[in-house]
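Kindly generate the complete structure, drawing on both the sequences and the hints.
Just so you know, the sequences run in chain order A and B. Sequential numbering of the first sequence, starting at 1, is according to UniProt numbering. Sequential numbering of the second sequence, starting at 1, is according to UniProt numbering.
In case anyone wonders, no lab produced these hints; they're calculated from the structure. Take these hints with a grain of salt, some might be off.
Stated by the list, open to error - Which stretches of chain A does chain B cover? Using the computed rule of at least three CB atoms under 8 Å from a CB of chain B, they are:
id : region
1  : 155-169
2  : 525-531
3  : 598-604
These figures come from a predicted structure and were not determined experimentally. Beta carbons: idealized from backbone N, C-alpha and C, even for Gly.
There are 2 protein chains.
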Amino acid sequence: MADNTTLGIPALVQTEGIHGLRVGNATIFNSPIGYACSWHPALIEQMGAVIALESSAFGVNQLYAPLGDLARELRYGRVEETFGEDGFLAGEIGYAYIKGLQGGNVSATVKHFAAPASPEQGLNTGPVHGGERELRTTYLPPFKRQIIDAGAYSVMSAYLSYDGVPAIANHHILTDILRTEWGYNYWVTSDSGATNRLCEAFKMCQADPLDMEAVTMFALPAGNDVELGTRSPSYTKIPSLVKSGKLNIKIVDTAVSRILRAKFALGLFENPYMGSADQISLVVHAPEHVALARKIDTESIVLLENHHQILPLSKTVKVAVIGPMAHGYMNYGDYVAKGAQTYGGTTSLEGIRAASKGSVTYAKGCERWSNDESGFAEAVATASAADVAVVVVGTWSRDQVELWAGFNATTGEHIDVSSLNLVGAMPRLVKAIIDTGKPTVVVFSSGKPITEPWISKNASALVQQFYPSEQGGNALADILFGNANPSGKLSVGFPYDVGTTLIYYDYLNTGRGVGVGSGMAYPNGTLQFGDEYVLNSPLSLYEFGYGKSYSTFIYSNLNLSKTIASTSDTINATVQITNNSSRDGAEVVQLYVQDLIASLSVPNIALKGFSKVMVAAGETEIVSIAFKVEDLGLWDINMKYVVEPGDFLIIVGSSSADLRVNSTLTVN
Amino acid sequence: MADNTTLGIPALVQTEGIHGLRVGNATIFNSPIGYACSWHPALIEQMGAVIALESSAFGVNQLYAPLGDLARELRYGRVEETFGEDGFLAGEIGYAYIKGLQGGNVSATVKHFAAPASPEQGLNTGPVHGGERELRTTYLPPFKRQIIDAGAYSVMSAYLSYDGVPAIANHHILTDILRTEWGYNYWVTSDSGATNRLCEAFKMCQADPLDMEAVTMFALPAGNDVELGTRSPSYTKIPSLVKSGKLNIKIVDTAVSRILRAKFALGLFENPYMGSADQISLVVHAPEHVALARKIDTESIVLLENHHQILPLSKTVKVAVIGPMAHGYMNYGDYVAKGAQTYGGTTSLEGIRAASKGSVTYAKGCERWSNDESGFAEAVATASAADVAVVVVGTWSRDQVELWAGFNATTGEHIDVSSLNLVGAMPRLVKAIIDTGKPTVVVFSSGKPITEPWISKNASALVQQFYPSEQGGNALADILFGNANPSGKLSVGFPYDVGTTLIYYDYLNTGRGVGVGSGMAYPNGTLQFGDEYVLNSPLSLYEFGYGKSYSTFIYSNLNLSKTIASTSDTINATVQITNNSSRDGAEVVQLYVQDLIASLSVPNIALKGFSKVMVAAGETEIVSIAFKVEDLGLWDINMKYVVEPGDFLIIVGSSSADLRVNSTLTVN
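Printed below as a string of structure tokens:
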């Protein structure tokens, strides 16, 4: 495997790009799991283009983004970096990001191939359990969409094992599938430290110095072309390995050719030096970029509860903003530049102050990392003196420097949790504010689902804002005061408790719902016994695709362009969406497919299309969603991809559980 | 597939055999996950022989036991029916059971083949995620040991799916592996309802009446020979399917021949009618059978904590027995006959009363299914008036009739949980008794691990008794008062919380322990932040193989018969065990192997042998454990079983984490 900086001029200049750039004063967008909630690929493509512009100004021509990983295991610290639990949505959002980014001649790096985000115990480097069918049915499709359809110029191999094979040494995935089946011609880099990990943790090598040889002998032939920075790089062994005949020079040549191909495609040989101080001052943090960050953030916020239509708030009410995440720092995820959380950015408090025409007060209430309740009294007094309280609590991360230095955090790379509850005094702070009797809007500012179902019942409203952009406070205020109508839909389901995971909507047939019924432990102490589970529900509290609007939408007149089709057909589904409210709003119309008879167990339903549509108050729009019959297949008993003849239910709805209209498609 | 009752005389007369027999007044033994904690195959073989004797007296010649399933997913309701989390132990215990049972001409039925007990979300019928390597590395070995080595006369196919393939339709497992690779010649039955489930839940068939044909067409050719009772049996379709040419009569003939082969082997053609009233009165519940139940139960109890050597108790102390599981019913698992929990059997209270030479008082404290604390005052007063309190709490099940009628329960088939904590008022009852200041011995009477780590710290002693035999109370008293020295070792690890599962000891390399360190939430409110996990530990609270004794044992002088070996060698490991206490005791000496270099990810350590040895006070015994080098292999990248040359660490210890002595074996 090669060190990419030594091969050819010009160099690829790389950085992370999860929330935007990790350098300088670049515009910070909201987290991937957040902006996936916009279900708005056109906006994400614009974002990719903006990131490319700003990157180029800094001289950066490759980002280590996006992820094809799926947020199936919610304890995992990197949930915030994914596009959620579903491969179709992750494929579409990633496709748009890559098209935007690479349209600006900045290379994407699709990672981590494949397939993490479901590690055992949710631990960062834990092994992934799964078979070839699950790999192909669930994990690979978003990667194929991002890598092949979007034409990503590079891929990063994963650092976990799948069914016992370390991803970095997985010739089947990196070569048989990626190169031979998919025809990918650009380059694959190992993840940072993953080559060493072959030795240290996977226990695949002898001790130094032999180990570095062994690493090269495993990782390069499996299909890695470049070794990302490690403590003791093994690529230095290549010359001696070739000389001794242990390594075929053709393998090295192939790796080099793949990197050069990407550099040619990026235009680096014509225009190697993109960055300049002039460009930085011209494009970085341009007003239209900041406006885009705010727009995406606003469309990404998900309204979970709105009892008695407490939202939107009148701009003249007295608002008490409460909570350790409402002000004092920006609650970004981990892939931001050093110090980013404490400079720039609009906090929730600042956003609410800017939008309000009444008085806005603030009390922190508690620290996010403590059980200390000494600030509760002030918070309760502040809430009591206002008309409405907005309490911002959730999870938090750190910039990469602080994160790896061991500062406290509850999400981020290598920061895994055993509970999805709020930490420390935060849940009690929420309860104390609710107990004041003032209308209380709770905002979850987080990188992953939080499991406090009692808040859903007892708060006046509940708003989910995944890690925000630098405009997060303004975006939140836009939603709270009704400058914008909520249109975000969850990219990941919320369980009732960590003990009820895995909670994704597309479980295989026979998952869930076979037993007598769920039980429940009521707050008053009453125990209602069920069986699956005895005292809980295996269903989601908020399902994938869920999200409320200030408008209400009626679905009607689902029509398929064909009801009897062959496998080469594309079906166009049209449906009427009526906004029967007095407020303009956008709805994400979701198309799911249920395979009614199959030769083995398949996902009970699967997303195959969606469209976000603006519908004016009282108006009706016809939404059209196309899907290919060839995408309705399964991996059969012989691991061949086939579309099995028979009936498929085509279901259109407002979420994966709120299924409104359906029609049957017969495939010959 | 055939209905076994229509094929040939004599008939196979079948019942369940999890805790003994499910009929009449048969001796009830403790639960499989419990008796696996004895690590004493010779006793289990005796138990199998006793069950065969009693079965035969009733005219029963086939039991639906034992399980080859592994308790990897602790939320699953059937954990109590397994032999724990490890395939080697489950293989040895199951082997002994089958040898005893079939030595008495009663057929075992090894189930559920393969591989459940790891269903998604822990739900009874949930799909199992896993690949071919995990199947072969982890799940199949205990089945092969039970089915092939022990020569089981029948097998039951599983009712779940593995990597998307319903087990009942899995030709690869039921035919390629079981018949072709392993050479199995007896019969396979589907599980009850599993054929219907192909239609109803797996969605593999059209609606009635076509479905029954489709079921037969899937299940019989896959390798099932018999259909267990279902609501609408599909085997009735066989004649018309054969007639129409859709089903080859040879498949039917093969199925019939396999059943007849088992009947011949059992001697049913020579001696078809085994049961008689005389036999029943002669053998059922014979005093030596009851004594065996007590002995096994005693050897199965695991001493988890014994602060300040509070145990064993003096027989003259005043004992307050507390708790809803201490008396009033027998806390058996679910596979017992109707009403068994309320007739016969010795409760904890009764056993303690029988063994004590002081006063024994009792207060229930609370119901096991309620949050009502109105009985606490009496319980606290009772404890306060005694010298020591014994509090019995845990999980519970029901007999099969009550269970399926929906009576409350927290374990058993289809009774799955999302939490491993004590239910209702029980944990608060424990705390109230501990808070009296009286020495408090807590007994977990349960079918699976319980996660209340604070009890481990705050109780004076903690005793684990998995669902007991009918002699459970006497067995417990034997341990508490020192008539017996605890020698049970956990057959399954205990996590700190459901949120930290999966917790088995033989996780693959790169599982656990890679991060900075675990965090902790202290009872006083202090939060100590870690990373994996943020506020918990991914390690087990009590690991597989763990269990205390009233004696202490020193391990020394590990010696291998060879330190350089070939794959055809058998290695004999000897180790000296010294009892440096003043009390005779038994120790389970455990041999684990660590593969120091491998071509892919393998279990970090794996049990390959064990021996339970009695060592008199102050004495030293030499324990000998043999293992075959051919059993140290892995399933390589091409899914071929190979023993890779190189070094293996041979580790002997008192548990999977308490590893005392080791030596290196080099395989050429």
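Next on the checklist: If you count the residues of the region 598-604 of chain A with a beta-carbon closer than 8 Å to a beta-carbon of chain B, do you get 3 or more?
Outcome noted: Coverage by chain B holds for the region 598-604 of chain A (5 residues, Cβ < 8 Å).
Are there at least three residues in the region 525-531 of chain A whose beta carbon sits under 8 Å from a beta carbon of chain B?
-> The restraint on the region 525-531 of chain A holds, since 5 of its residues have a Cβ under 8 Å from chain B and three suffice.
**Study point:** 8 Å C-beta criterion, at least three residues: is the region 155-169 of chain A covered by chain B
**Key:** That given contact holds, which follows from 8 residues of the region 155-169 of chain A lying within Cβ reach (below 8 Å) of chain B.
Consistency with the previously given hints is maintained throughout, with no hint failing.
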